[in-house]
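Peer 1: Residue strings, one per chain:
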Amino acid sequence: ETGVTQSPTHLIKTRGQQVTLRCSSQSGHNTVSWYQQALGQGPQFIFQYYREEENGRGNFPPRFSGLQFPNYSSELNVNALELDDSALYLCASSSPAGSSGGSYEQYFGPGTRLTVT
Amino acid sequence: AQSVTQLDSQVPVFEEAPVELRCNYSSSVSVYLFWYVQYPNQGLQLLLKYLSGSTLVKGINGFEAEFNKSQTSFHLRKPSVHISDTAEYFCAVSERYGGSQGNLIFGKGTKLSVKP
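So the protein lines, in turn, are chains A and B.
Using my numbering, you'd call the opening residue of the first sequence number 225 and step up by one each time.
Using my numbering, you'd call the opening residue of the second sequence number 372 and step up by one each time.
Okay, chain A solo, but in the shape it has when bound (with noise of 0.2 Å):
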């Protein structure tokens, strides 16, 4: 069983910058969500998505955006770069509530460092 892979493992980008991170889900996950931890901080919301639509967003800005592929992969976008949204992002993949086998529990990727400068 293959578990949740990011990509890139680092990114060092300039203010301003857009970027773009992946995530491959765990074989049999159709839910991702993708939360932000600052350097020091536990981690926070940012979005999930469930059958390529969003499913729920936290107290993130519009310029942190998202899609959902068929495949249940996923991508985290950022545009205009601030120099706060350095932290490590980390996906995370789950069947939903309520499915077969479903259970909240949430299985974690190594996380994507991206750092602003």
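Since the hints were made in silico from the structure, they are not lab data.
Note that CB positions come from ideal geometry on N, CA and C, so glycine has one too.
Relax, there's no trap hidden among the hints.
If you want a taste of the chain B side facing chain A, the calculated C-beta under 8 Å gives, among others:
| id | residue |
| --- | --- |
| 1 | Gln413 |
| 2 | Lys420 |
| 3 | Phe461 |
| 4 | Gly478 |
| 5 | Lys479 |
Non-contacting residues of chain A with respect to chain B, defined by C-beta distances greater than 12 Å in every case (computed):
| id | residue |
| --- | --- |
| 6 | Ile236 |
| 7 | Gln242 |
| 8 | Val243 |
| 9 | Glu276 |
| 10 | Ser289 |
| 11 | Phe293 |
| 12 | Pro294 |
| 13 | Ser297 |
| 14 | Asn303 |
| 15 | Ala304 |
| 16 | Ser310 |
| 17 | Val340 |
Based on the hints, put chain B in the right spot on chain A.
Peer 2: Below, chain B without anything else, positioned relative to chain A:
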């Protein structure tokens, strides 16, 4: 709105000693509860979860946690820690019904440092 408070930002402990990492939550609805561990430069790994049933939950690596509804707590315990338990531990909750199902609200984390 839900929130999670981890009462200790750092917990130093000697090897083979017991440890308790404290977690309190606030929510107007029923919740599921989780503990995750994060080793340096890695993602999060699920230690254990409380969904329903017995309030004492056993997880991986010898950890256990007890759900206390009246005190809105979900403290993590291990009777004897190892050097390899050194990591950061996160308590998290998610809504039990409706809304953005499955999105987790995390505490700020507790760094467990096990000394020889």
